[in-house]
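Visitor: Turn these sequences into a full structure, and let the hints guide you.
When the count follows the working numbering, it moves up by one through the sequence shown with no breaks and lands on 73 for the last residue.
Each hint should be verified, as a subset may be incorrect.
Claimed, not checked - Pairs of lysine to aspartate or glutamate residues, derived as EDC-like cross-links and limited to a Cα-Cα distance of at most 16 Å, are as follows:
(1) Lys20 x Glu38
(2) Lys20 x Glu70
(3) Lys13 x Asp44
(4) Lys20 x Glu52
Said to hold, decoys possible - Label pairs and their in silico Cβ distance ranges:
(5) Asp30 x Tyr59: 25 to 31 Å
(6) Arg56 x Arg34: 17 to 23 Å
(7) Asp26 x Ile73: 35 to 41 Å
(8) Ile68 x Ser32: 27 to 33 Å
(9) Glu21 x Tyr59: 14 to 20 Å
(10) Val25 x Arg56: 16 to 22 Å
(11) Val66 x Val27: 15 to 21 Å
(12) Val60 x Ala14: 31 to 37 Å
(13) Ser62 x Tyr12: 40 to 46 Å
(14) Val18 x Gly58: 17 to 23 Å
Treat the hints as calculated values from the structure; they're not laboratory data.
Quick caveat: nothing in here was measured; it's all calculated off a predicted structure.
Just so it is clear, CB atoms sit at the ideal spot from N, CA and C, and this is done for glycine as well.
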Amino acid sequence: MRFCLLLVLLTHGCALAQYKASYTVLKEHIRVDVKADGSNRYQMERVIRIDTPAGVEKEGEQRFGYVGSLETVEILEAYI
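Guide: Here's what the structure looks like:
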């Protein structure tokens, strides 16, 4: 019974359309520097290529959280 079920699932999987990613992460680099006094600096660099209209919906707007009273944010570069 197990063999028949596996065979049916594999056959059904072959009929699915070719998967196309909606976006591709070309580069992601994260650097955290921690100083002796406990302060730190967090840097993130991320390069995304949008491959489909669905990718615009998923990755077209970036969000990240921070505590405004304790942290500062500097956007070094952003472009389309």
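Visitor: Now tell me, hint by hint, if it's right for this structure.
Guide: Tested hints:
Taking the CA atoms of Lys20 and Glu38, the gap is about 7 Å. The hint holds against a cut of 16 Å. For the proposed pair Lys20 and Glu70, the alpha carbon gap of about 14 Å is at most 16 Å, so the pair holds. Restraint check for Lys13 and Asp44: the C-alpha separation of about 8 Å stays at or below 16 Å, so the hint holds. Simply put, Lys20 and Glu52 have alpha-carbon atoms about 14 Å apart, close enough for the 16 Å limit, and the pair holds.
A hinted range of 25 to 31 Å is violated for the C-beta pair Asp30 and Tyr59, which are about 20 Å apart. Separation of Arg56 from Arg34 is about 21 Å and conforms to the stated range, judged on CB atoms against 17 to 23 Å. For the pair Asp26 and Ile73, the beta carbons lie near 30 Å from each other, so the given range of 35 to 41 Å is not met. A hinted range of 27 to 33 Å is violated for the C-beta pair Ile68 and Ser32, which are about 21 Å apart.
In this structure, Glu21 and Tyr59 meet the distance hint of 14 to 20 Å, their C-beta atoms being roughly 19 Å apart. As the Cβ distance of Val25 to Arg56 is approximately 20 Å, the hint placing it in 16 to 22 Å holds. Restraint check, Val66 to Val27: a C-beta distance of roughly 18 Å satisfies the suggested window 15 to 21 Å. Judged by the Cβ atoms, the range 31 to 37 Å given for Val60 and Ala14 holds: they are separated by roughly 34 Å.
Judged by the Cβ atoms, the range 40 to 46 Å given for Ser62 and Tyr12 holds: they are separated by roughly 44 Å. Between Val18 and Gly58 the CB atoms are about 20 Å apart, so this pair conforms to the stated range of 17 to 23 Å.
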